[in-house]
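> Top to bottom, those sequences are chains A and B.
Okay, so the first sequence: first residue is 144 according to my numbering, each after it adds one.
Okay, so the second sequence: first residue is 84 according to my numbering, each after it adds one.
Careful, some of the hints might be misleading.
Where chain B lies over chain A, by a calculated footprint (3+ residues, C-beta under 8 angstroms) [as the list claims (entries may be wrong)]:
(1) 335-342
(2) 358-366
Derived CB-CB ranges, DEER-like [what the hints assert, rightly or not]:
(3) A:SER184 with B:THR124: 28 to 34 angstroms
(4) B:GLY133 with A:ALA181: 39 to 45 angstroms
(5) B:GLY133 with A:GLU221: 56 to 62 angstroms
(6) A:SER400 with B:TYR161: 27 to 33 angstroms
(7) B:VAL220 with A:VAL158: 36 to 42 angstroms
(8) A:ASP326 with B:VAL220: 45 to 51 angstroms
(9) A:ALA181 with B:LEU89: 45 to 51 angstroms
(10) B:GLU166 with A:ASP327: 55 to 61 angstroms
(11) B:THR160 with A:ASP327: 16 to 22 angstroms
(12) B:ASN131 with A:ASP327: 57 to 63 angstroms
Source of the hints: derived by calculation from the structure; they are not laboratory data.
Beta carbons are placed, not taken as given, at the ideal position from N, Cα and C, and that holds for glycine.
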Amino acid sequence: MSRLLAMLRFLGGEVVDRVWRLGCASRFFLAVLVKSGAALSRFPLLLREIWFAGVLSLLIILVSGLFVGLVLGLQGYEILQRYGSAQALGTMVALSLLRELGPVVAALLFASRAGSAITAEIGLMKATEQLKAMDMMAVDPVARVVAPRFWGGVISMPILAMLFSSMGILGGWLIGVVFLGVDDGAFWSSMQASVDFRYDVWNGVFKSVIFGVAVSLIAVFEGYDSEPTAEGVSRAITRTVVTSALAILALDFVLTSFMFRGML
Amino acid sequence: MKRSVLDLWVGFFVAIGIGALLFLSLKVSSFSGIDQKDAYTVSARFDNIGGLKVKAPVRSAGVLVGRVTDIRLDPETYEALVEMRIDSHYAFPADSFAAIYTSGLLGDQYIGLGAGNDTEKRLANGSDIKKTQSAVVLEQLISQFLFNKSVEGQDAP
């Protein structure tokens with residue numbers, strides 16, 4: 144009986160702890176937004192973070208995009224040619240990349256490549272008491288350290304997602320047209336006929352902006368909130384990657400369900 | 084202004100981002116097909132539209148001339164009221180007729196616009212297509228066929 148009680152107590156404690164952290168994260172998000180005016184006006188700081196989050200993620204995003212496109216082209220061709228509609232390959236590759244795979248996979252890669260790095264950086268700054276030192280010098284660490292990293296991530300994410308989709312489509316083209324012999328004109332024209340700029344491309348970009356906000360917020364919050372020890376930082380990094388992945392997939396479901404309801 | 088290598092990289096990053104957006108907008112997608120400005124709206128009534136959807140193509144002789152913009156049920160006559168925008172490069176005679184066809188055996192449905200014989204009056208913004216032909220519904224076709232068969236069976240002794 145007492146073991147059951149202890150289990151219940153543990154469960155309740157965990158839930159309360161999660162809700163508590165969620166509240167802290169929301170307050171932190173507001174603080175970052177309020178203090179981001181000062182961060183955005185100092186352009187070189189922001190530039191460095193775009194470089195750190197965006198440019199350094201470029202290689203993994205481009206290469207993974209290409210491979211995802213190659214696989215989509217291969218599998219899509221295999222299925223579509225059974226029904227004699229291999230020309231629809233372009234449509235299939237473009238729509239699945241623009242609506243879902245581009246934003247989601249790019250965000251997952253971004254979380255594990257840039258999000259973890261941001262958490263590690265801020266966590267180590269905290270562990271080595273650099274944040275405290277800044278506070279002592281009357282420099283607000285949220286405005287100086289956190290806000291530029293947050294905005295750097297938010298700005299980089301949609302660009303990376305668009306690059307991912309573009310590379311994927313080129314990969315699908317490479318497999319479909321160059322290797323498997325789908326007609327080049329049919330590939331592009333069927334794609335253009337069924338991909339709408341506002342409905343498909345723009346919604347995908349909007350999705351990636353939301354993911355960018357979520358991943359960057361989780362990364363900076365976990366870093367800022369980490370225990371200032373070596374173990375605490377490593378735990379914070381793990382939490383960043385896990386929480387970001389869950390947040391991305393859950394948000395994706397919510398966004399998809401109200402964006403792509405089908406056009407009645 | 085002092086330049087650093089970092090600026091170059093960020094510039095490169097943003098530039099290829101814009102390049103990707105241009106690629107996605109110009110090569111991959113289309114801006115809703117028919118331009119909103121150079122088009123006129125006509126409506127047509129159908130007994131049954133089958134699986135016709137908003138944004139379905141309107142074709143004449145197989146050429147894309149417009150898109151379906153709105154589908155409603157007329158509350159008085161219980162007919163489907165379909166509105167479509169047609170590219171103003173194409174002026175159709177006022178007695179043209181609209182029919183709902185299916186592209187391929189299982190493909191999407193579209194509106195086929197057949198030109199009439201009226202040489203003077205043309206379809207204009209807001210005009211109504213009088214002659215229409217509903218979508219062929221497979222179940223109705225089959226039940227009709229079965230009904231005819233059973234009638235034949237009764238006639239024969």
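> So, against the hints stated earlier in the document, which numbers end up violated here?
The structure breaks hints 2, 3, 4, 5, 7, 8, 9, 10, 11 and 12; every other hint is satisfied.
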